[in-house]
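K.L.:
Going down the list, the protein sequences come from chains U and W. Counting the first sequence from 1 gives a position; this note's numbering is that position plus 16. Counting the second sequence from 1 gives a position; this note's numbering is that position plus 79.
In case anyone wonders, no lab produced these hints; they're calculated from the structure. Owing to the predicted nature of the structure, the values given are computational and were not obtained by experimental measurement. Possibly wrong hints are sitting among the right ones.
Okay, the calculated bits of chain W under chain U, using three or more residues with CB under 8 Å as the criterion [said to hold, decoys possible]:
#1 162–171
#2 274–283
#3 314–322
Facing chain U, from chain W, some residues (calculated, C-beta under 7 Å) [unchecked claim]:
#4 G148
#5 Q152
#6 L185
#7 L198
#8 L199
#9 G202
Just so you know, even glycine gets a beta-carbon here, dropped at the ideal spot from N, CA and C.
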Amino acid sequence: MTDAKMPLSSSAPAVAVPTSVPGLFQRLTRQPSLIAFFLLILLVAGFALATPNHSFATIPVLQLFQTYTPEIALMTMGMSVLLVVGEIDLSISSVYVFSSVIFASLNHALGLPLWLCFPVALGAGLLMGAINGLLVAFTGVSSLIITLGTMWGFNAVMNLAIGGKSVPLADANPNGGLQWVLTGQVLGVRMQLVWMVVIAVLLWLLLHHTRTGNRIFATGSNERAARMMGVSVTWTRVLCFCLLALLAAFAGVLAVSRTNVAVPQSGQYTMLLALAGAVVGGTKLTGGSGELFGALCGAFILQVLSLGFIQLGLNDYWVTLVTACAIILTAFAYLRIDRRLKR
Amino acid sequence: MNTITRSIVEMRGVNKSFHGVRALDDVDFTVGVGEVVGLLGDNGAGKSTLIKILTGFLKADTASIRIDGVDHQFRNPQEARNAGVETVYQEQALADDLSVARNLFLGKELVRKVGPFRLLDDGRMRRESEEMLRDLRLAVDPDKPARDCSGGERQGICIARAIHFEAKLVILDEPTNALGVAAVKRVLDLIRDLKARGIAVIFIGHNLYEVLEVADRAVVMVRGKKVVDVATRDTSVGELTELLMQRSGIGG
Ligand SMILES: Nc1ncnc2c1ncn2[C@@H]1O[C@H](COP(=O)(O)OP(=O)(O)OP(=O)(O)O)[C@@H](O)[C@H]1O
Ligand SMILES: [Mg+2]
Chain U
17 MTDAKMPLSS SAPAVAVPTS VPGLFQRLTR QPSLIAFFLL ILLVAGFALA TPNHSFATIP
77 VLQLFQTYTP EIALMTMGMS VLLVVGEIDL SISSVYVFSS VIFASLNHAL GLPLWLCFPV
137 ALGAGLLMGA INGLLVAFTG VSSLIITLGT MWGFNAVMNL AIGGKSVPLA DANPNGGLQW
197 VLTGQVLGVR MQLVWMVVIA VLLWLLLHHT RTGNRIFATG SNERAARMMG VSVTWTRVLC
257 FCLLALLAAF AGVLAVSRTN VAVPQSGQYT MLLALAGAVV GGTKLTGGSG ELFGALCGAF
317 ILQVLSLGFI QLGLNDYWVT LVTACAIILT AFAYLRIDRR LKR
Chain W
80 MNTITRSIVE MRGVNKSFHG VRALDDVDFT VGVGEVVGLL GDNGAGKSTL IKILTGFLKA
140 DTASIRIDGV DHQFRNPQEA RNAGVETVYQ EQALADDLSV ARNLFLGKEL VRKVGPFRLL
200 DDGRMRRESE EMLRDLRLAV DPDKPARDCS GGERQGICIA RAIHFEAKLV ILDEPTNALG
260 VAAVKRVLDL IRDLKARGIA VIFIGHNLYE VLEVADRAVV MVRGKKVVDV ATRDTSVGEL
320 TELLMQRSGI GG
């Protein structure tokens, strides 16, 4: 070729990135999860300094995090994946509680061993996720509406099936068998924390290092383009719904394993926490981008906020108000950063 | 040039309406093996619709389609790609949030086995991307998000993708859109390259000079109907222009 030096594009020389902006800021803002992480560190340090006798940084308080937060964190991560693909699921609190009730009931009423109740409960969660995903895919109705419906639907079915009474485990044994595997303790570390880390790593692999992950991002970023390039966007969507529901079911089982009882009235806030955690972690609701590590941090940030302010002696309503402001403020901050980058 | 006997694409009686508006009216369209077909027509004539039906992105109301001599209709673009049909869509099918490399391999990602997992081979995808881009004289960093590419670069990425994978038919819907003079020449050279390698090409364009330069046959569509199907050596830019104007009811 004679035109060897000719660029394909007439405007090929790349526009130089303005170097006046510090490189660190640039890199940070490209990674909202890092912002979330620093925010988390800052909050923990802040509360540690602010609480009387630095009570926030003591072992008993930190223990609370590894006990309670993994359940929420599983759902924030799942929600974040679903948001990447451009969908939302309002029904996960119902999935969470229904699965936990199934887990306990099979043991309580039918005497099934826990290790058998466990896969059935997960399967039920998966089924509910598939119902959500397939309804969204084949009706074309937005996931906001579909899952608003199934949120009540799943709950109604649960109450019809077992009534509103709490279900205790018949073979409760917190320190042995399946319950130890799920929520026991090794060397001071809670098993649910271990599960959370393992699942986070697996999700990260899935999202960033597999074909499926690439197609999840592509579908959320530009569904039409993904379809044109031969991506099955329907299947990709359904998969994300299933994944989140499975994680919600797992969280539900963890809650029962931790407390030996399934409470049908519990978990109303899990959906809101999962959504808020994902948002605080830097996941946008517009699809195409999402941050697993950020979502993980988001779950902890929400818990740190509420525990921290309680430690400071603030009353519950104030804590809720502060959390509410934090959610809106962080979402706004991410938006500004995003605009600034895309300008 | 000898007459083409075998067809890679044979579409007959293609009809398609959008909300009652006829976009394609009983269109027959064929592409011979290794043949370059120029598809011409005014805006809204139905060119893109026709090729989207071919690749399975859209469903025809009625059509009989034979691919490589077999009665077969792609149900989705995935089947088309698996069967060796690569397409540059007019809409530039790029996911803005993905890197250039990830876009180039979207739907055909390279993987390697790591223990029980099949993980993306990002290293190889990046290296091959660099090569693909270099072949097109594109100075684009494969790691940067597609969002940050210029219009011409985006078009180039789509073209690079369409010609990279071992295809037997490459469909280019207005590939020279947004391209500078030198780049247009590159694309025309590439089409000749493909032809030399025995790969069939459907080239949709508005510039009659470009199309006649590389195409063996020109097909002209007017408002959903095929009105001309002629070997390019039997026609000229002047004749085609006149035809287009007359049939569109603009010219005398
Ligand atoms: N998804 C759609 N919904 C409704 N109408 C459509 C759709 N796609 C195409 N059309 C209509 O079908 C007709 C043919 O469109 P098409 O895109 O095939 O034209 P074209 O020949 O590719 O034009 P251009 O040269 O401008 O790209 C147009 O009237 C267009 O408005
Ligand atoms: Mg078109």
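K.L.:
Go through the numbered hints given earlier and state which of them the structure violates, listing their numbers in rising order.
P.N.:
As far as the earlier hints go, 2, 3, 4, 5, 9 are violated by this structure, in ascending order.
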